[in-house]
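Heads up: the protein sequence lines correspond to chains D and V, in order. Residue numbers for the first sequence, in the numbering used here: 1 to 418. Residue numbers for the second sequence, in the numbering used here: 1 to 310.
In short, the hints are calculated from the structure, not lab data. No residue lacks a Cβ here, since even glycine has one placed at the ideal position from N, Cα and C. Be aware that a few hints might be false.
Pairwise CB distance ranges, derived in the manner of DEER restraints [stated by the list, open to error]: (1) G330(D) to A282(V): 54 to 60 Å; (2) A170(V) to A402(D): 37 to 43 Å; (3) A282(V) to M327(D): 18 to 24 Å; (4) K339(D) to T302(V): 47 to 53 Å; (5) D300(D) to T162(V): 39 to 45 Å; (6) Q221(D) to F6(V): 39 to 45 Å.
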Amino acid sequence: MTTDYAALEPSRSEKFRQRILPLILFALLLVVIPFFGPSRTTLTLLNHMGINIVFALAFNMLLGRAGLLTFGHAVYVGLGGYFCVHILNWIDASDGGFWSSVPVFSMPIWGFAMGALAGAVIGWPSCKRSGTPFAMISLGVAELMAAFAYMFDSFFGGEMGISGDRMSGPEFLGLSLGPLDEVYWFIAFWTFVGVALMFAFTRTPLGKLSEATRDNPERVQFIGFNPTRVRYLVFIFSGAFAGMSGGMAAVQDEIFTPESLSLIPSGAVLIAAYIGGIRYFTGPIMGAIVLTYMQSNLSDYSAGWLLYLGLLFICVVMFVPNGIAGMVYGGYDAVRKGKTAEVLGQFALRALGVALMAVSVIVIVEVAFRYSEGYGEVFEPFGLSLPPESVLTWILAVVPLAAGIWLTRHVTRKAEEV
Amino acid sequence: METIVFSLLNGIIYGLLLFMLSSGLTLIFSMMGVLNFAHASFYMLGAYFAYTVMGATNYWVALILAPIIVGVVGMGVERWGLRRVHANGHVAELLFTFGLAYLIDEIVKIVWGRTSVNYQVPDALNFPLFTIYNAQYSAYRIFILFVAIFMLCALWYLLKKTRAGLIIQAALTHPHMVGHLGHNVPAIFMGVFGAGCALAGLAGVIGGNYFITDPAMAVQMGPIVFVVVVVGGLGSLEGAFVAAMLIGLLQTFAISINASFADIFGFLGLSPTSEFGSITIASMAPMLPFLLLVLILIVRPTGLMGDREV
Chain D
1 MTTDYAALEP
11 SRSEKFRQRI
21 LPLILFALLL
31 VVIPFFGPSR
41 TTLTLLNHMG
51 INIVFALAFN
61 MLLGRAGLLT
71 FGHAVYVGLG
81 GYFCVHILNW
91 IDASDGGFWS
101 SVPVFSMPIW
111 GFAMGALAGA
121 VIGWPSCKRS
131 GTPFAMISLG
141 VAELMAAFAY
151 MFDSFFGGEM
161 GISGDRMSGP
171 EFLGLSLGPL
181 DEVYWFIAFW
191 TFVGVALMFA
201 FTRTPLGKLS
211 EATRDNPERV
221 QFIGFNPTRV
231 RYLVFIFSGA
241 FAGMSGGMAA
251 VQDEIFTPES
261 LSLIPSGAVL
271 IAAYIGGIRY
281 FTGPIMGAIV
291 LTYMQSNLSD
301 YSAGWLLYLG
311 LLFICVVMFV
321 PNGIAGMVYG
331 GYDAVRKGKT
341 AEVLGQFALR
351 ALGVALMAVS
361 VIVIVEVAFR
371 YSEGYGEVFE
381 PFGLSLPPES
391 VLTWILAVVP
401 LAAGIWLTRH
411 VTRKAEEV
Chain V
1 METIVFSLLN
11 GIIYGLLLFM
21 LSSGLTLIFS
31 MMGVLNFAHA
41 SFYMLGAYFA
51 YTVMGATNYW
61 VALILAPIIV
71 GVVGMGVERW
81 GLRRVHANGH
91 VAELLFTFGL
101 AYLIDEIVKI
111 VWGRTSVNYQ
121 VPDALNFPLF
131 TIYNAQYSAY
141 RIFILFVAIF
151 MLCALWYLLK
161 KTRAGLIIQA
171 ALTHPHMVGH
181 LGHNVPAIFM
191 GVFGAGCALA
201 GLAGVIGGNY
211 FITDPAMAVQ
221 MGPIVFVVVV
231 VGGLGSLEGA
241 FVAAMLIGLL
251 QTFAISINAS
261 FADIFGFLGL
271 SPTSEFGSIT
281 IASMAPMLPF
291 LLLVLILIVR
301 PTGLMGDREV
């Protein structure tokens with residue numbers, strides 16, 4: 001019996017719907033946003049979202065696609081970004097010569113090149129191993145690079161970092177890149193380019209091979225490819241795209257500090273990608289959006305926002321390993337199979353349970369925070385007064401938590417019975 | 001001479017503390033394959049618990065009680081956290097402990113504040129024990145030495161001479177076989193995880209007032225503990241011991257060397273005022289463990305004394 005493989009290929013319309021249409025919609029979204037007249041804060045937030053989307057996708061080329069966990073991916077963002085800030089200064093200082101003809105608009109390309117170079121140099125020794133040793137090497141390299149950054153002031157600028165000016169050099173497409181809305185177009189353009197290129201990468205033979213290497217390196221060897229080489233090539237591309245996001249950040253923020261190479265942003269991108277869902281291409285995009293939003297907004301509301309982030313991350317690792325994207329696509333699948341009512345009902349109950357638990361957790365954390373600071377400040381949500389010794393506080397801290405746990409367990413048990 | 005003796009003493013004490021921290025991690029890592037990112041957080045918890053218990057009673061109660069509490073917390077984490085995530089593979093487990101480290105850091109900040117707490121050496125041990133080269137040597141450091149050596153002997157006896165140790169050793173290399181023989185492997189895992197955390201807690205109790213007790217102590221210590229475990233080799237407590245001493249001595253000696261690169265490579269024409277030439281060996285000290293880590297992983301993936309690749 002022979003299988004007709006040509007018949008298994010998706011039809012033209014399916015290809016269009018699955019591969020081209022989402023990108024067109026994404027581009028449309030990027031174009032439409034400025035017409036709603038976002039404020040300066042919103043624009044800055046959107047710009048950082050774009051940068052983080054590219055970074056998270058680059059990170060996920062390794063973790064999600066190639067199965068390589070790295071704790072030091074911010075190194076490539078940092079190196080690409082630093083290189084770009086230096087170029088900004090060279091452009092500013094140039095008088096004729098090569099750099100005077102380089103538009104600032106091209107920064108992400110320079111960042112891309114620098115990231116690729118850094119990936120090629122650092123990746124050579126680290127990609128000989130995979131799994132936990134690879135993760136450990138990346139951690140060691142990240143610590144080394146962060147220490148280097150504080151040592152060599154001429155390139156990294158010491159604690160203060162290095163700043164540049166994005167408004168110098170020739171204009172490109174009539175963008176002076178001075179006002180924030182022009183920077184938005186710059187970021188939007190390169191975000192789209194980055195997303196489209198990284199999506200295209202997953203369709204290339206190398207992209208497919210990296211997934212095969214993740215799932216079964218031995219069989220990849222059997223069909224005649226070298227897994228180490230595949231990992232190394234993917235690593236270079238991933239470093240390059242990370243460097244590209246560094247170039248975008250250099251233009252947006254006009255400053256880079258050694259902090260940007262440290263373990264903190266590396267950990268943040270790991271959390272973003274995982275919360276979004278590493279098994280899906282769009283997962284890291286959603287994760288980057290959520291995390292950037294939390295970073296800039298939640299930190300205004302509560303001093304304990306890192307605690308909420310840690311809790312969210314642990315809950316995702318424990319209960320929703322496929323992340324936000326997994327939930328979205330799971331729901332979409334259920335709707336297509338005509339089980340809308342059933343899934344929606346379950347989802348609503350679960351959401352209610354989670355919301356109940358969240359109420360308790362927030363009350364506990366906020367009251368505890370204010371109590372430990374010792375200024376006698378009282379947590380007052382929605383006009384309620386919740387001092388640590390009041391009975392209402394304790395009721396709010398315990399009852400919704402218990403109810404939420406009971407509800408979610410009940411729903412899970414029901415779902416398993418079916 | 002003076003520097004050498006002091007560096008040697010301090011290096012040994014630091015190395016023993018590192019070993020106390022990493023012995024538990026080595027056991028956990030070899031047995032469960034989980035590199036516990038939160039291990040240093042348990043070290044921090046040990047110091048903070050000791051501070052609180054010491055405030056209520058005295059240091060000697062804290063020395064016993066704090067590691068036990070940390071151990072119980074660790075067992076809880078294994079029972080209700082790690083075991084659940086285990087089904088999703090090693091990466092999920094690693095990420096779980098990564099998130100846990102985040103969480104413990106934040107909880108410590110809430111409970112004990114963002115600045116360091118005044119966790120002090122007990123009065124009974126706060127005196128100079130002897131004087132060498134006209135410098136006094138604190139009794140507490142020697143106390144650390146003795147506690148560490150006592151722990152070392154106890155651990156060695158437990159693992160090599162008792163039946164429980166025999167089962168743990170077997171579970172290190174052949175967990176499935178141990179399971180088939182009728183032992184409750186998950187319970188062993190939970191016990192070892194708890195004991196490992198308790199050891200980290202003990203290191204926190206005696207290290208917290210030797211160094212400083214603040215919310216950053218986990219982040220500072222965490223990566224170095226990994227280096228010890230990986231350099232020492234999987235499944236090898238002896239390796240972890242050698243690696244801990246090596247790193248302890250290496251770092252302590254490097255800090256005491258004031259020579260710069262220009263002094264060493266001056267004959268190659270390296271100027272002492274150049275950026276590279278002005279770097280001193282002392283300022284390189286924090287980097288040395290990571291250099292060692294990267295080199296070992298590339299050159300000798302099994303670690304110094306391990307029998308398997310990581």
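Hints, verified against the model:
Range check, G330(D) to A282(V): Cβ separation about 55 Å, and the 54 to 60 Å hint holds. A hinted range of 37 to 43 Å for the beta carbons of A170(V) and A402(D) is consistent with their spacing of about 42 Å. Judged by the Cβ atoms, the range 18 to 24 Å given for A282(V) and M327(D) is violated: they are separated by roughly 52 Å. Separation of K339(D) from T302(V) is about 51 Å and conforms to the stated range, judged on CB atoms against 47 to 53 Å.
The hinted window of 39 to 45 Å between D300(D) and T162(V) is violated, with their beta carbons roughly 56 Å apart. Checked against the given bound of 39 to 45 Å, the beta carbons of Q221(D) and F6(V), roughly 54 Å apart, lie outside it.
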